[in-house]
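Numbering (this note's numbering), first residue to last: 1 to 221.
Hints are computed from structural coordinates only; laboratory data are not their basis.
Distance condition first, Cα-Cα at most 27 Å in a straight line; then the derived BS3-like pairs of lysine-lysine: (1) Lys-18 to Lys-154; (2) Lys-10 to Lys-101; (3) Lys-154 to Lys-10; (4) Lys-172 to Lys-201; (5) Lys-201 to Lys-154; (6) Lys-18 to Lys-172; (7) Lys-18 to Lys-101; (8) Lys-154 to Lys-172.
DEER-style ranges, computed between Cβ atoms: (9) Arg-61 to Ala-197: 40 to 48 Å; (10) Leu-14 to Gln-143: 33 to 41 Å; (11) Ala-80 to Val-106: 13 to 21 Å; (12) Gly-203 to Leu-14: 33 to 41 Å; (13) Lys-172 to Ala-114: 26 to 34 Å; (14) Leu-12 to Pro-44: 22 to 30 Å; (15) Gly-56 to Gly-132: 45 to 53 Å; (16) Leu-34 to Arg-200: 44 to 52 Å; (17) Ala-80 to Arg-118: 21 to 29 Å.
Cβ coordinates follow ideal geometry from the N, Cα and C atoms, glycine included.
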Amino acid sequence: MRLLIVEDEKRLALSLAKGLTAEGYAVDVVHDGLEGLHRASESPYDLLVLDIMLPGMNGYRVCAALRAAGNEVPILMLTAKDGEYDEAEGLDTGADDYLTKPFSYVVLVARVRALLRRRAGAGASPVHTVGGLRVDTAARRVQRDGEEVALTAKEFAVLEQLVLRAGQVVSKSDILEHVWDFAYDGDPNIVEVYVSALRRKLGAQAIRTVRGMGYRLEAGR
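Generate the whole structure from the sequences, applying the supplied hints.
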């Protein structure tokens with residue numbers, strides 16, 4: 001899942017980005033409302049963490065502009081203010097949830113996960129079964145033939161991209177876009193490293209390489 005943080009308090013923004021990256025998300029950070037609006041309009045994000053008090057354009061206006069353009073990305077608003085009026089205004093402009101500073105990081109992660117589950121569809125199960133593989137994207141747990149498999153955050157993020165499109169070919173560029181942030185300029189073969197690690201843990205035949213196209217998670221392997 002790819003997240004965008006729009007927060008002008010740089011220390012807080014970088015701290016959130018570091019924590020959410022450790023949770024397995026690909027995280028981009030900007031510190032200006034106009035830049036946040038531009039980035040959210042031009043790139044496909046799964047969720048925005050949006051501060052209200054921003055230079056260039058405040059969070060209310062960013063949110064309203066995105067909704068007016070038909071962008072339905074989930075938005076979690078952050079603010080140092082505290083009051084029913086502020087919360088109502090944020091929700092009226094189209095925000096999905098609201099968190100007042102200072103907040104618990106654990107609570108923020110719980111809100112992020114809840115919004116992502118909600119986006120997946122009301123009543124949609126977060127548990128995916130592919131052959132002997134069982135992946136719970138909400139609890140971030142993986143079982144193979146009933147046995148728990150320990151994955152790192154990045155390994156899980158790569159597997160998640162494959163399991164959400166099980167049976168389909170997922171390109172290396174798609175995995176890079178959703179698991180690593182936009183600023184990543186390292187070796188794209190990093191994807192192969194993580195696919196190899198997943199094969200060691202899930203079975204060599206679980207993930208098939210489709211030459212020149214990408215990877216496919218297969219059932220019954």
